[in-house]
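Trainee: Spelled out from the first residue to the last, the chains are:
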Amino acid sequence: MTFFTVVVRGLIRRPVRTGLTLLGISIGIGAVVTLVGMSWGYEKSIGKQLDVIGIDVVVSNMSGGLMPKVFDETLQDKVAALPKVADTTTVLMLMLSIEDAPMMMVSGREWGGFTWEKLEVLEGRLPKDDKEFAVVLGKLAAEVLKKKVGDTVQIEADELPVVGIVDGHAVVENGAVILSLSVLQEISSNQGKVNFIDVRVPEGTPEKEVMELCETVNGLFPEGRAKLASEVVGTSQGYRLARAMSWSTSLLAIIVGVLGVMNTMLMTVFERTHEIGILLAVGWKRRRILYMVLCESALLGFLGGVTGVGLGALGLKILEFTPAIRGLLEPDLSPKLLLTSVAIAVVVGVVSGLYPGWRSSRLSPSRALNL
Amino acid sequence: MNEASKGVGSVVYEARGLKKNYDGGQVAALRGVDFDIREGEFVAIVGPSGCGKSTLLQMLGSLDKPSEGSLSYRGRLISALEDPSDYRSTEIGFVFQSFHLLPTFTVSENVQIPMFETGLSRGEREVRAHELLVSVGLSHRLKHFPSELSGGERQRVAIARSLANRPSVLLADEPTGNLDSENAAHVVELLLKLHQELGMTLVLVTHDLGIAALATRTIRMKDGRVVDETTPLTHAS
Chain C
1311 MTFFTVVVRG LIRRPVRTGL TLLGISIGIG AVVTLVGMSW GYEKSIGKQL DVIGIDVVVS
1371 NMSGGLMPKV FDETLQDKVA ALPKVADTTT VLMLMLSIED APMMMVSGRE WGGFTWEKLE
1431 VLEGRLPKDD KEFAVVLGKL AAEVLKKKVG DTVQIEADEL PVVGIVDGHA VVENGAVILS
1491 LSVLQEISSN QGKVNFIDVR VPEGTPEKEV MELCETVNGL FPEGRAKLAS EVVGTSQGYR
1551 LARAMSWSTS LLAIIVGVLG VMNTMLMTVF ERTHEIGILL AVGWKRRRIL YMVLCESALL
1611 GFLGGVTGVG LGALGLKILE FTPAIRGLLE PDLSPKLLLT SVAIAVVVGV VSGLYPGWRS
1671 SRLSPSRALN L
Chain S
21 MNEASKGVGS VVYEARGLKK NYDGGQVAAL RGVDFDIREG EFVAIVGPSG CGKSTLLQML
81 GSLDKPSEGS LSYRGRLISA LEDPSDYRST EIGFVFQSFH LLPTFTVSEN VQIPMFETGL
141 SRGEREVRAH ELLVSVGLSH RLKHFPSELS GGERQRVAIA RSLANRPSVL LADEPTGNLD
201 SENAAHVVEL LLKLHQELGM TLVLVTHDLG IAALATRTIR MKDGRVVDET TPLTHAS
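Those sequence lines, one after another, are chains C and S. Residue numbers for the first sequence follow the working numbering, so the first one is 1311 and each next one is one higher. Residue numbers for the second sequence follow the working numbering, so the first one is 21 and each next one is one higher.
Hint data in this document are derived by calculation from the structure and do not stem from the laboratory. Virtual Cβ for every residue (Gly too), placed ideally from N, Cα, C. Misleading hints may appear alongside valid ones.
Sample of chain C residues with no beta-carbon within 12 Å of chain S, all distances over it, derived [as the list claims (entries may be wrong)]:
| no. | residue |
| --- | --- |
| 1 | P1393 |
| 2 | A1396 |
| 3 | P1512 |
| 4 | F1612 |
Chain C stretches covered by chain S per the calculated footprint, using a threshold of three residues with CB under 8 Å from any CB of chain S [stated by the list, open to error]:
| no. | stretch |
| --- | --- |
| 5 | 1482 to 1491 |
| 6 | 1666 to 1679 |
Starting from the given sequences, assemble the full structure and let the hints guide the process.
Mentor: The structure is reproduced here in structure tokens:
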């Protein structure tokens, strides 16, 4: 028999209660995995999109919601004239409800810009020119909207024909409705406005020089920011709000978990007062009693964490295929998230066991034996 | 505590003016008790219910602290021990009237429980538990749970557990109190064997004057005081 055996016996003596507590922690950790996985997944998906397109610097005004505020497209000429700028293109990106889909990315792209380059046409074609009132759908967007080439898509008050289905090689690209910038500006009443200037720098430009370029752009565009592509999502206020909400909801789930485990451990300690008295009477040190209770609650947390990670992963998979999410992001199920979640569960266990453990270690052996 | 340091016949316990009050002094369980217990003695503490004999034994086992007076173990105040768990773990073994076995652990595991504080390896713990259970005649019950044993068998497991860390003193609180006469006789025989063969100091609280008559000395208590001490000589007279 090892000390671990003693710890396990402490938990399995009340299997139903232990099981219910495990379920409670699992649901809490499952919520953490799902919410944070969505938030991290959004960041990762946008990052991958920028990487696939080959954008080095993004100029935008991220102070709005999930999508940045629009600004005058003439800024592009000033940015393009700067040294160390190889290429620029403008984008008007909107989150709109399209037919039955509650939220879709609608991407109006400057005709001829490099954001069209990586789109691989699977069916049909790309718009003929910047004046054609037509859209191409990313392959996931086509699935979500159940559209094929020749159908029409209603955007705001206009119906536009679908002329092509494309593979953009990133979830966000494949989940988007893509059309020419001027058409989207017209149908969304944003004439002359964009909300992104995507910038490419010459290959091999040192990061320091790219940072200097960002600083120069910031001087030209005080209300917005030029950011390295890798940093752009993290600076979005909308994203930060969503991330804060996911963590605060997770925190709530964690607090509920702490209270659940603490309640279980307190009940266990109350029930086992006599047993703890025996352990003290046969010479166990108080710190071993404390350690035993902490190990029990940590094990409870660990098992709840592992189960919770499984539940959360399942939740993310289900969400990934819901129409509201599909094509907007690829949920993050990275080892970092899974390990963080299990670590949180173990910490929840340990924290929850502190008070019951302290209480049990302070018992008077003679009184405990007489109970 | 090694054998050489104990010295044959040296004082193991020394109680002076020992008092114990409960409920803020409303209840006096001990009202000033003085005695010495020497190495290798078998001392029986007898007296009517509520006379304070179990309270006294709990103090000897450092399960409770005196309200007044002093109680020393081999010259060291028990109440001043830095860590009484060391004393409980290695110096004494405790046998209780109601066995106090852990119900979710097997017989062998119950015996191993006190050994966690001694740094023995898992294998050493298992071997020693097996040896102890053989010595109390329970080698066939290693994997059983306490609920599957008779009262006498449970008490023999408790005795084996009390010997887990090879103590020099055995404290027994009414060890036959919950047993029928046959099982009680087996348990007493076992305790006597430990006292005689291993030279353990045995302090036993009992109602049973027949068992007390087997002791080398009997301390008789009444109303929280020692009222009489008898030795084999006075027994004989």
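Trainee: Under 8 Å between beta-carbons, do enough residues of the stretch 1482 to 1491 of chain C, three at least, approach chain S for the coverage claim to hold?
Mentor: Coverage by chain S is violated for the stretch 1482 to 1491 of chain C (0 residues, Cβ < 8 Å).
Trainee: Just want to verify: P1393(C) was marked as not at the interface with chain S; is every Cβ pair farther apart than 12 Å?
Mentor: P1393(C) clear of chain S: closest Cβ-Cβ about 72 Å, beyond 12 Å.
Trainee: Using Cβ atoms and 12 Å as the threshold, tell me whether A1396(C) really stays out of contact range of chain S.
Mentor: holds (68 Å)
Trainee: Please verify that the nearest CB of chain S lies beyond 12 Å from F1612(C)'s CB.
Mentor: Consistent with the label, F1612(C) stays out of reach of chain S, its closest Cβ about 21 Å off (over 12 Å).
Trainee: Does P1512(C) really sit off the interface, with its C-beta more than 12 Å from all C-beta atoms of chain S?
Mentor: Fine: 66 Å to the nearest Cβ keeps P1512(C) off the interface.
Trainee: Counting residues of the stretch 1666 to 1679 of chain C with a beta carbon closer than 8 Å to any beta carbon of chain S, are there 3 or more?
Mentor: holds (count 4)
Checked against the numbered hints above, the structure breaks only hint 5 and satisfies the rest.
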